[in-house]
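Fit chains B and C to the known structure of chain A by using the hints.
Protein chains in written order, with our numbering: chain A, 1 to 253; chain B, 1001 to 1267; chain C, 2001 to 2254.
Treat each hint with caution, since some may be false.
[What the hints assert, rightly or not] Okay, derived cross-link-like pairs now, BS3-like style, lysine-lysine, Cα gap no bigger than 30 Å in a straight line:
#, chain 1, residue 1, chain 2, residue 2
1, C, Lys-2252, B, Lys-1098
2, B, Lys-1134, B, Lys-1098
3, B, Lys-1134, C, Lys-2252
It should be emphasised that the hints constitute simulated quantities derived from the structure, not laboratory data.
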Amino acid sequence: MKLAKAVVVPAALLLAWEFVMRSRGIESDSLAPPSQIAVAFVDAMLDGTIPRRTAETLRAALGGLAIGGGSAIIASVVLGLVPPAARLMQFSIEVLRPIPAVALIPVALLVLGFGYRMEIALVAFACFWPVLIYGHSAITNIEPQLIDVSRVLRLTPISRVTKIVLPAALPRYFVAFRLATAVSLIIAVTVEIASNPQGIGHELMAAAQSLHPDLMFALLLWIGIVGWGLNSLLLFAQRRLFGAAGAAVSASP
Amino acid sequence: MTSASPLPHPAASAAPPLIAFRGVNHDFGQRPILRDIDLAIGQSEFVCLVGPSGCGKTTLLRMVGGLLAPSSGAVSFAGKTVTGPAREISFMFQDYSKALLPWRTAAGNVALALEAAGLPFRERGPRIAELLYKVGLAGHTDHYPAQLSGGMQQRVQIARCLAQEPSVLLMDEPFGALDAMTRQALQDEILRIIATSRTTVIFVTHDLDEAIYLGDRVVALYPNPGRIAQVFDVTLLRPRNQLTTREHPEFLRLRRALFDFIAEGET
Amino acid sequence: MNPRARALWVAGSIAVTALIVVAWQLVADYGGIPPVFLPGPDRAWRALVVGFSQGELAGLTLATVKRMIYGWALASLAGIVVGALIGSSRIARDYIAPMLEMVRPVPVSAFMPVVIAFLGFSSNMVLVVIAIGAIWPVLLATVHGVSSVEPRLVEVSRSLRLGRLQTLWKIALPNSQADILAGMRIGLTVALVLAAIGEMLTSEYGLGFYILIAARGFRSADLFAGVILFGLIGLVSNLALQEIERYMLRWKRR
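Bound-form chain A, shown alone:
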């Protein structure tokens, strides 16, 4: 019942859209009826455009995520376990963090030119910060009682980290990664739209410029599906890995 209610309005809008365009015989450079969009979507799927471009975007996005997120995990663990280091780095982080990744597009273009490297670099930069901040917070906000437990059990520092700190922080790290994944996709697509001649973003822009509204909307839809798919996949993984404990610890962005 709830699903039906959710679908009614969008379905009605789509039908109206289709009807208005077809009945009025509107030919437009910027709008296309849903049926045409569906056709363009299937075509682009079958002729390899969508798969190829998606692979390009994902390669850059996930590559940047791995580099940026990975280094952030290490950095956040270090900062979390060595509070003086965190305090000393505070100012530098606050100064570098507000720089929008997109403002670095010209820098990346200048230094690395077009292609994968500049896109991965930008995605890495963008993904670094949320994982660093969330991860650091995860480590420093471990339930104090757990730290007491580790003291009472007389665990060595290394044991404490591997047996208590990291496992306790893991759910929050996962949430941070979910967020970073969304960011990676957004930045990758944005960079492609703004400059880099590869990936779905570029294809989307090209379709708009070459006055193919059906393909354009199809790609827009596809980007949404990819974004939604990635997030759902990670949510599923989160529930399987952490279950109720994870849900209790994580906020839901």
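What follows is chains B and C alone, placed relative to chain A:
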């Protein structure tokens, strides 16, 4: 049942009741909550509803407050059936922290009732000051609920209720979440405040001593389903006093009668 | 931690930043990287100063900031109004809110080519995209806040016989303050990003356009100056909003 006493009952039986329950039954889905409630409450009466959990006393209160309609039977106020919240009836909730607007100061919270009543802006200030003074919060007008203790927050709620200038005050275990000393202070506060006005009060509590201390009548309810078991008249003199009244033989007698009654009902 | 210790740590962290700048300068001067790729902080600073005193930087920065603020303010207002309407009506919540959630995972910048198709490369296009991007977090936050009012407060409003509009204005919206402000903060970040991209794509007068041209012309000092300015805009706007948030939520503090 009612002890013969030379003192006249505050609610003269000749006058028509201000609030009346007639054949009220209520179900929540399949569960019976109330059965055959017939009760008349006269003007200026202080009636306490007592009983264990599940006896529906809060439900009865909410019916008078227009927040709930009975499954069958009628609840009337001033001769007319209650169909929704009335301006002259104010409701005081037990969970004061959730019933106050946390983003408004004490004054702001009291103002809410005045805004709802449509009082012109210019007249609100003096009225709010007067009300907060009456409940003993004169120095806390600009404090937010988070900065006030439980007792003070409950006083803000009292002030907000009084701002409606109600003829009926409905109180749902208002002092249940407070410590004993604050509770006693607020009990006397309430008695003092309504001593001058002719406000009718329906007071729900599970504290039997409190019920006897405050009320003119105590209605004892049995649970599952809630029904009126017995009505006790309280003929103790007013003004009541925390020490002397509670040691009065009549108080102790009523206390024993009520305790025994409730204990019986639980078996 | 006592205030003196905290002040020392803050000073220490500023010192670390200064050290990093010094290291930057050393690498730029002696690191063997061509200055066209890595200008030293001295050249970047000079570019900033010259750009403001003799050049266009002031006007460019202002243009970008104006664009960002206008788009964001408009979007926030619209987001609150629409969000309040949707959030307060069960029908709207059941039928419309799911649709809004469906659009959420789409990267906002992906709408840019679509809007370009309709509005061309123009200043309006950038403003529209900024608005589309910034309205989202505020809209969703408002819907969430308005639809999750403490039930007791709803009863209080019923008991006081507050009308529907009054309940919305005096109870539901203030109740959602924290959520809405958080959404507005996200919206501001989005607005800055979209302003930058929009200017790069459309060559509209602004900082985004400026740094792109600087990159194309291999003027790395100007480029770095522009990037620094972007960081500053982000920092200042965020701090300002944080202060506003702290003031508006002062009632939460014990």
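Hints versus structure:
no., hint, verdict
1, C/Lys-2252 / B/Lys-1098, "14 Å, holds"
2, B/Lys-1134 / B/Lys-1098, "23 Å, holds"
3, B/Lys-1134 / C/Lys-2252, "26 Å, holds"
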